[in-house]
Structure formats: structure tokens, C-alpha cells
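**Student:** This is what each chain is made of:
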Amino acid sequence: MRQSKRVFVRTLVAAAVVAAFAAPAAAQQTVKIGLLATLEGPFAAGGQDGMRGAELAVKQRGGVVAGKKIEIIKASSDAKPDVAVNATRKLVEQDKVDIMVGPLSGSEGIAVKDYSKTQPNITFINGSSGAQATTLVNPSPNFFRFNTEGAQWMVGLGKAALDKGYKRVMVIAEDYAFPYSQVQGFMTEYCRLGGKVPVKAWVPLGGKDYASVIARIPKDVDALVVVLGGADAVNFLNQYEQAGGDKPIIGGSITVDQTVLNYKGKRRESLVGTLSAGPVADAYDAAEWKAFVADYKKNFPDGFPSPSLFAYVYYLNMKAALDGLAAVNGDLSDGQKKYREALSKLVLKTPTGDVHLDANRQAIGSTFITEVVKDPQGNLYNKVLRKVDGIDQMLGMKKEDFKIGSRDVPDCP
Amino acid sequence: MSAAQWRKAMNAGAQAQAWPRQRRVAVAPAAPAADSRSYATPSLPAWLRWISQRVSARHVLVMAFVLIYPWVATPFFTFQIGGQALVLGLIALSLTFLGGYGGMISLAQMTVAGIAGYMVAIFGTSSMPEISLGWPWWVVVPLAIAIATACGALIGWLSVRTEGIYTIMITLAIGVAFHYLMQQNYSLFNGWQGFQRVLTPQVLGIDWRSPIPYYYLVLFWALAGYFLVKYLVRTPFGIALQGIRDNPRRMNALGFNVIAHRVVAYAVAGLIAAVGGVLLVWYNGLITPGSVGTGWLINILIIAVLGGMRHPIGPFLGAIVFVLLQNFAIDVFDRERFNLVIGAMFLAIVLFSPDGLLGLWQRLRARLAAGDAQSRLSTPRPSRRFVKGGSQP
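Chains A and B are the protein sequences, given in the same order.
Quick note: the first sequence uses my numbering, first residue 1, plus one each step.
Quick note: the second sequence uses my numbering, first residue 1001, plus one each step.
Think of the hints as simulated: they come from the structure by calculation, not from any bench.
Using N, Cα and C, we set each Cβ at its ideal position, and we do this for glycine too.
The hints are all genuine.
If you want the footprint, here are the derived chain A segments under chain B, 3+ residues with CB under 8 Å:
#, stretch
1, 82-89
2, 169-182
Okay, the calculated bits of chain B under chain A, using three or more residues with CB under 8 Å as the criterion:
#, stretch
3, 1073-1084
4, 1179-1191
Using the sequences provided together with the hints, build the complete structure.
**Tutor:** Structure (C-alpha cells):
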């Protein structure tokens, strides 16, 4: 009995010693990166494409950075903040990732940012979440965002709308942080230049019935600003057409994304001429962008005809994670201090121009103003009207005057 | 399942549950040691005998395991697996109490928990200072539990006049309506975004959000809920409730107020769910309409059914399996199809053991006991088939 107990204890000690030596040795050869996107719920298609984008960034480096193998561990959420935090916690605490990339949607981003404060030795890099508050309110020292957010994506669209002669518009948007930001990005400029927004309709995310909203559209508005994502946008477009609607549409950044452009319904034809703005434009003709699109198509023949916003933004953030890792030569010691410094100073070369971070670790970057046109094969795509560079989170306002967008901010009836 | 079938299933359950009690009588010869001691020292007798009769080795083992668990498990396993399983188990326990002992399946138990969670966010602190009142926790928590319990009773009062599938329908309707109310009301419930940063209070200098304190906090309330249900089902109220489950008309004829008993059962279940709801909002640190959506209403039912509705330990077993699957299914299967594993696992358990994990365990024990009995040539214990045959009095 005693003998067996002693053997048992010895085995335990031996196992512990082996584990203690084995763990750092393994850590030196691979860097684990957690990747979180929504593979369930309303953004499942977007989440899947986001994963493609992130994988592309790893593939471009051959899966190795500074002699270390990159191991990606994926997790899924359903666009709910509690699910996102649970998934992130599993990646960080159970799978022991060194770097975390994700999540996809706005309120998930805020929740993960809050969680990142409890893990100061892990570096969190955003996926594609675009809530302003993530980096403006209570920023976390180890949360980085190399993509511009929802409000920045709409800068320049207000002017483009006025140029088209839309003097009064109605806003139809989903009722949560991301569309608030998008509407603010649009309205800040639009109102400043004299446009009017008499009605704003906030609809629940995942809504199926837009009849009551369509009934509220005033006769005297020139266009509709529709900030709905994925399936919601398709539903709205369908119902608006069935109700005989014919007003031109100004889209949010995820409204006339590939998800909607690939839509096969009748409204597809009337999408032509739709203005929108965002950090990507399919038809941007810079060589770097074309190379990126070709690479995406080559690696993911089952993907979209052109990478979606989610794919692109996940690509950016994963690329930043890897570029930062290369800059410090894979050195993640000392609570990843050097790595974080490198990320803060990083000038990220992206297919759409250089991106650098502000004091809150938030990207300052470019936005495209686009218009939907039809190519000779009958595919719809976003033609670039203009590229606006160097947009920061204050949207050209003074810091004192700036308030985060909400249902009632900004306002110009 | 029709109301009659449901009642029949529950009848069988009650009978099957009766036999472990017989077993306890059989074990009685082990007690004399304690008995003789109790005669020797008259100051000890009652509680020692009480303990020796009710506590067996496996109880001690389980108790020791749950107490030691956080010291051997990683913080992740303590918090996200242990803590979450206990909270979800506690909420599902309220459904097990209603369903297993009252014969009423309510899908609104997560709604009651959600009401408690929202009340904590509204009366306490959150990232929405325009709405949250910022009251201290010792006012907020009792108030939240009281309001949620009242709502639980109200839901019960609305639905007790229905039976079987209609109870499920009406409670589902209430749950879904509550979800949409939360999603679309902005002045009070902050719509789709809900409340973020609903932090666990720091009491006695302990951060109750950190894994080990949180685990023990939840463990305490889970045990409290478990023993409350264990106790209640032996009280005259609990016995009457089970009588009402088996035959409401007969109980009515005997002079029991069927509706009052059922509403009280809902109130008790509401209380358990409310405590679970407060702990759940502290676990997540936030509450959104997604937390009380249809998915979660059904998840609670899944947890309860998975574990088995015959015994208050069932929902906790179900919750452990559920939480493990939610966390690790993605590792064992294709990352984009992992929900299939979860679904297939649930299907397998429900298909092969209609009374959940508890049923599996009981069948296994019955088989072992049968082998045991044969080898020892002692009096054969009633087999399951015998129990089933005897279920119609």
C-alpha cells in the first residue's frame, strides 16, 4: 500500500517535471492565435468569410513568422456578447492562446474589450467589430483595432449624397451600437453641409417584417439611408419593392456588401445606382488591392466572387498581428510588452493604403465612397467614386464637441 | 406528449423513485454503531442518527469533490465550466421541480431568471448610468429576487389552468413576449444592447467575480436550491403537489386546493430561478435580450430533460454535459458544423434514455444490483419491469 503510494507520488512529480520542461519548449516553436467569428446566428455568412480573410493573412506568410509556426484555434459565437466572452475565455484560459483576434460585431467587441482587461498578458486584436465605444470609452491597454470603425466608414457619404441632390433623407437602421455609429458618420457631415433627416426608424436586429417602417416613409424625402446587414437588408429590399417603393437608396457599409450584391431577387436590378461607403470597394483599381482579391479567389474558390468587408477587415487585423510579431522577431516575453509597443507604432501596409493607430490603439485609415453598377457579365459591383484618407474617430470634430452616436445623436430634422 | 401520457410518464417516475427508499431500509443494519453511541451519549442522538440515515458514501464523495474541485481545476474549468454549470443547473432545477414534482413544464423559467438579472442591472450599476440607479447590492439583490419571484408566481397563476402542451405554449408565449419587450424597450431595458458591465459586488474585501470565490458562491446557492427541493418534496405541501401531478381531480375531491398548490409551486420555482438569474448576470457581467431569447428558454428545458427530471441532482448533471458540449464540441468536430455534435448528443441521450442521464444511471445501478443480489443470494430487489408493471395502482 505504502509502496504503491510512493510510486504514485513519484509518478506525479515526474509528470509535473516533464510538463514544466515541455511547455516552454513547445511555446517557443509555435505561437497560438485564437480566432473568433460568428459561425452561427445572423452574421454566419459574414463570420465564415471573416475566417477566410484571417486565414489568408496566415497563408501569405506560409504559416510561419520569425521562425515560429502560427497555430490558429478557432471559436464561434452567435453575435451575442455573452457567447463571445465565453468563447474568448475558452481560447485564452483553456487553449492558452498568445494572441486573440476577434470578435465580429459591435457589442461583442465591447464585451471582449472589457474582458481583455482581466488578461493583461494577452494581446487582443479586433476582428471586425465596429462600435465606437470599444476604443473611445474605457479603452483597454491590450486591445488593438487596426480597422476603422462604423462611423469612420461613412465619412464622405454625406457629401456624395448631397452631390446627387438628396436634400432630405430618412434613416432606416438596426437598433444597436454599430448602426448608431454608421448613421452618425453619415449625418455628421450631411447635416453640417445642410442636409435634413426628418425621420429615423430604428428596427430590431433580425426583424422579418418591415411593413410598419415602409408605411412611415414620408413622401417628401429624396432617398432612404438603409443601414441593415445581411439577411435583414435582403428582407427590407424585398418588402420595399413589393410595397411599390421607388426611392433611391443610400446604403450602410454592410448593406450593399457582397452578401446583398449576390442576392438573386428582383430588387437586385434597382440596387444599381445605390451609394454607399465603407473600408472596402470591390472595384478599387490599385495594384495591391487587385493582388489581394486574386489571392483570396485563388485560396478560397468556394468564397464570394470578391472578398466581403468581413474577410477584408479580419485580414487586416490578422495581418497586423503577424506583422507586429515579425517586427519583434517573435518575442512575446515580459507579458508581451515589446509586442504591444511594436503594434502601437506599426504602420500597417494594407491593400487600401497605410493604417496607423491613435492614442487609444484605434486605426486611422481610409474610406471609399462607392456606387453600385452592373458589369457586362451581369454581376453587380461597387464602383469607386472617391477615396477619403486619414479619417480618425473624431470625424473632423473637436474632441470637446464629440459625442458617441446614439438614437438621438446627431439630430437635424 | 399529451397530458395523459405526460402524467403516465411522471407516474412511472414517481414509482421508480420509490424504490431507493426501500433500499435505505435494507441498509439500516449498518446504523447500529451510530445508534449505540447515541444511547451512550444522550446529547447527540437525533442529529447523528439523522445523518447516518441520510448520508451515504457517495454523498460524501460528491460533496468532497465539489468542494475540492476549484483547487485542482484551472481557473477556466472552475469558472466557465464549474460555475456556469452550477448556475444553469440551478435555473434548470426550478424547471425540474415544476416538471418532475408538479407535472407542469414551464418554458418561462429563463424568463424569470432574466427578470432577476434585468432588475439587478436596473437597480444596481451598469454601463448605462442614465438607467441604472446604482443602489447598493444588499438592497438590489433581495429586491430583484422578490420581483422575479412575484413574476414567477404571476406566470404560474396565468398558466396553471392549462395542462400539458398548453402550459408549454402559454409559458413559451410569455417568454418570447418578454424577449421582444426587452429588445424593443429603450427607456427602461436599453433594447438590443441591454446592460454591460453589471459587476459582481465586492463584499468582505473579496472579489466575487474571480473564479474561486464565484464558484463557491454559486456552489452554496446550488446546494441551497438542491436541499430546498429535497426538503420540500417530503413536506405535506410537496406530497400534495405530487398527488396533484398524478391525479388532480382526485386531489380536488379530497379537498386540496389544486390551483393554490400549483401557483405556490410556481412561486418556489420562481424563487430558485431568480437566485440563478442573479448569479447568471454576475457570471456574464452583462445582460441582453439574447440572454432571455427563445434559444435559452429551450436550453433550460434541454438541460433539465438531459439530466433527468426525477431527482433534483438531474439538472446539475444535465448542465455539466451541456456546458462541456457547448465549450468543447468545436474542438472535436469540424469547426463550422460543430452544432451538429451538440444536437446529435442530445438526440442520443434522449433516444436511448428517455429519463435522461439519471435514467441511465438508475438502469446501470439496477443491473449491477441484480448481479450483486444473485451472487449473494439475498432477497431480490424489484427490477424496473416490475416497477413499471406496478405503476398503475
